[in-house]
Amino acid sequence: MVPLEHVLFFSLLLFSLGLLGALLRKNLLMILLSIEIMLNAGAFSLIAISSYLQDIDGLAMFIFILVVAACEVAVGLGIVLKYYAKYRTLDVDAACELKG
Amino acid sequence: MENILIFLLLSPFLTSLILGMFPILNRSIINFISVFGIILSFIASIFLMLKFNFQPFTIFLWPWLSFIFANIAFLIDSLSIVMCVMITFVSIFIAIFSMQFMENDKNLKRYFCYLNLFVGMMLVLVLADNLGLLYLGWEGVGLCSYLLIGFWYEEDKNNNAALKAFITTRVGDLFLLTAIIWIGFYFGTLEFESIFRLLDETTILTNSEALLLALLFLLGAMGKSAQVPLHVWLPDAMVGPTPASALIHAATMVTAGVYLVARVNDFFVLSIVAQNVCLIVGLLTAFLGGIWALAQTDIKKMLAYSTISQIGFMFSALGVGAIWASLFHLISHAFFKALLFLGAGVIGYSFHEYDMNKLSGLRKELPIAFYAFLIGGGALAGLPFITSGFYSKESILLSFYDSRYSLLLIFIGLVLSFITSIYIFKSIFKVFLGDKNLTIYNKPKSPMKISIIILGLCVLLFGFSKEFFSSLFVNRNYHHSLSNEIFIFGLSSLVFFLGVIVAFMTYKNKFLKNIFYFDAIYNAILIQPYKKLCQILYHDILEKFYYWMVRIIFLLSQYIAFLQSGFLHRYMQIFVLALMVMLGIMVAK
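Residue numbers (the numbering used here), protein chains in the order written: chain A, 1 to 100; chain B, 1 to 589.
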């Protein structure tokens, strides 16, 4: 049995990786991927806690998160496609029309 | 019974919805949907009439959908059934006529969408069991009239006419709304039957209150029915498509006021003064409308003023308490005025011209329009024995005879008939006799001919249903001695022929100039001051205040605009930083 602290630490690591990726990468696709990683890190900790507390609620929440993630990917990829069609690049800084 | 009613009401609404929402491109399908919806509604109303056994009853639809005062309930009695059958019947032929009239219009779908919506709203108005639902239909027909008058919205003057119609009728609506709210608070209900029962059995209203309520209802009706002084919108409303004018501004919508007064007649019975006001307004309008009609050079405007005048006639009949005579005239007027407007529509369609000074000698070119005008005009002026207008006008004259001021009223009535007879026959002679001087663009084809022929037959035959019609309103049946009838029949026939002769002698003369400048007066005392006020307010001190408010915000925003760098990463960094700071504070506590 892996102790809960380890699992949570792993989840935190994963989340930080995702956050760093989202903050530092310039490629829109990579940002999307990083966001997915963050989402899954959160879901992972949910599962861990649910198995630690012997409670089914966390698992149910995980299923919801899975669905949301799938939807998000669909919408996000759609946006990425349109973005590429408009700017001919995936660099996020290309879209800066709302600059003050 | 409920199913029939649902059919009756929903088929125009649903077809309107279908036409409004779906991208139907095929013109014949559009035509079919619209006409089909109205025909279904007509069949349903015929069924309703056959099932009706002279006992008023109420049908509740969708009890779950009821508001504080207004249930979705419909009252079936002689009045509403007669109106229903008339509305749907006339609408069918106007829709069929429109099929050809609008054949080259690119917005055919929108036109039929409005037309069917209008029919539906009108049915709601006449069938409503309570004042709340009636008000819904009332505003609904006002809206549709606005939409149809401004149908060709590319032209500025059409939009202005539509706005004028809407605003002027709103003035009347305001009074009606006041009356409805008042009744709601006083009676605790808006249902007609409970209101009238309370009126009958209790002394819930003092005389002056009854008078005020009746006057409020009357003012509301005057707005919708274009009575002096709220009549100014109707002649301008003629800029819409002619079949729409036929439907809305002749046959149905403007008669809503007459319907309303007939419906709430119990309030008028309580107060002699209110009845007299109704009578005077009606007679004044009938007289002025007739004079104005003499002065018009545009066929449609002439017909509009004649509508105003005829509705004034109906109001005066209501003023002497002759409900059934008024309704009889309403129905026969709906037929012959629709016929006249369709005749004018044929002229407009064929010659693209409505100006009577330019039109002449159309008898050979457009026999169908000629017969339409001959029959319709004959009925309008009361051509003896074969037209319905004769019988309905006689009913009104006979009810005048029974009233308090019998001989005076009959005299006025005869003068009115005389004027009517002059203006309509003068126009007919002017337009159809003489030499032709215009080239014809289009020939009327079968849809136009069919609708005109059928409406013409109705005008000729409807007069014979007088006995049946008066039996629908059993309690209000009058019997006259034969000598009185012959006396009035003879006098009005004489007046009719005198009018025709005068018209024939004068039709080559110029038309009268426009007199009684109501529009100019309204313009001077209402519209211009309003515009002046707007101009003053446009440059006032408050305007400066708002200007500087905007200015200051703009200047301040310059200092924080740099935060909007346009780089996504910067935003995310700020976001994460703020989140961390907030978490840190929470942990520290």
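Heads up, some of the hints might be wrong.
Claimed, not checked - Cβ-Cβ distance ranges computed for the label pairs, FRET-style:
(1) T89/A with F32/B: 50 to 58 Å
(2) L555/B with T89/A: 17 to 25 Å
(3) I527/B with L77/A: 52 to 60 Å
(4) P3/A with Y571/B: 31 to 39 Å
(5) V68/A with E103/B: 49 to 57 Å
(6) T89/A with V550/B: 34 to 42 Å
(7) L77/A with R570/B: 41 to 49 Å
(8) K86/A with Y153/B: 34 to 42 Å
(9) N26/B with L77/A: 36 to 44 Å
(10) T89/A with I560/B: 26 to 34 Å
(11) E72/A with N26/B: 53 to 61 Å
(12) T89/A with I6/B: 18 to 26 Å
(13) I541/B with L77/A: 26 to 34 Å
(14) N107/B with K86/A: 31 to 39 Å
Unchecked claim - Here are a few chain A residues that sit away from chain B, every Cβ distance over 10 Å (derived from the structure):
(15) A22
(16) L24
(17) I31
(18) F44
(19) M61
(20) V92
(21) A95
(22) L98
To be verified - Some chain A residues flagged as far from chain B (calculated, every beta-carbon gap over 10 Å):
(23) L13
(24) L19
(25) L23
(26) N40
(27) G58
(28) L66
(29) V68
(30) C71
(31) V75
(32) V80
(33) L81
(34) Y87
(35) D93
(36) C96
(37) K99
Hints are computed from structural coordinates only; laboratory data are not their basis. Keep in mind that this is a model prediction, so the values were computed, not measured. For glycine and all other residues, C-beta sits at the position ideal for the given N, C-alpha and C.
Each hint tested on the structure:
no., hint, result
1, T89/A with F32/B: 50 to 58 Å, "54 Å, holds"
2, L555/B with T89/A: 17 to 25 Å, "36 Å, violated"
3, I527/B with L77/A: 52 to 60 Å, "59 Å, holds"
4, P3/A with Y571/B: 31 to 39 Å, "38 Å, holds"
5, V68/A with E103/B: 49 to 57 Å, "55 Å, holds"
6, T89/A with V550/B: 34 to 42 Å, "38 Å, holds"
7, L77/A with R570/B: 41 to 49 Å, "25 Å, violated"
8, K86/A with Y153/B: 34 to 42 Å, "36 Å, holds"
9, N26/B with L77/A: 36 to 44 Å, "40 Å, holds"
10, T89/A with I560/B: 26 to 34 Å, "29 Å, holds"
11, E72/A with N26/B: 53 to 61 Å, "43 Å, violated"
12, T89/A with I6/B: 18 to 26 Å, "60 Å, violated"
13, I541/B with L77/A: 26 to 34 Å, "56 Å, violated"
14, N107/B with K86/A: 31 to 39 Å, "35 Å, holds"
15, A22, "6 Å, violated"
16, L24, "8 Å, violated"
17, I31, "8 Å, violated"
18, F44, "20 Å, holds"
19, M61, "21 Å, holds"
20, V92, "4 Å, violated"
21, A95, "8 Å, violated"
22, L98, "6 Å, violated"
23, L13, "16 Å, holds"
24, L19, "7 Å, violated"
25, L23, "6 Å, violated"
26, N40, "18 Å, holds"
27, G58, "22 Å, holds"
28, L66, "24 Å, holds"
29, V68, "20 Å, holds"
30, C71, "22 Å, holds"
31, V75, "17 Å, holds"
32, V80, "13 Å, holds"
33, L81, "18 Å, holds"
34, Y87, "13 Å, holds"
35, D93, "5 Å, violated"
36, C96, "3 Å, violated"
37, K99, "3 Å, violated"
Hints 2, 7, 11, 12, 13, 15, 16, 17, 20, 21, 22, 24, 25, 35, 36, 37 from the list above are not met by this structure, while the remaining hints are.
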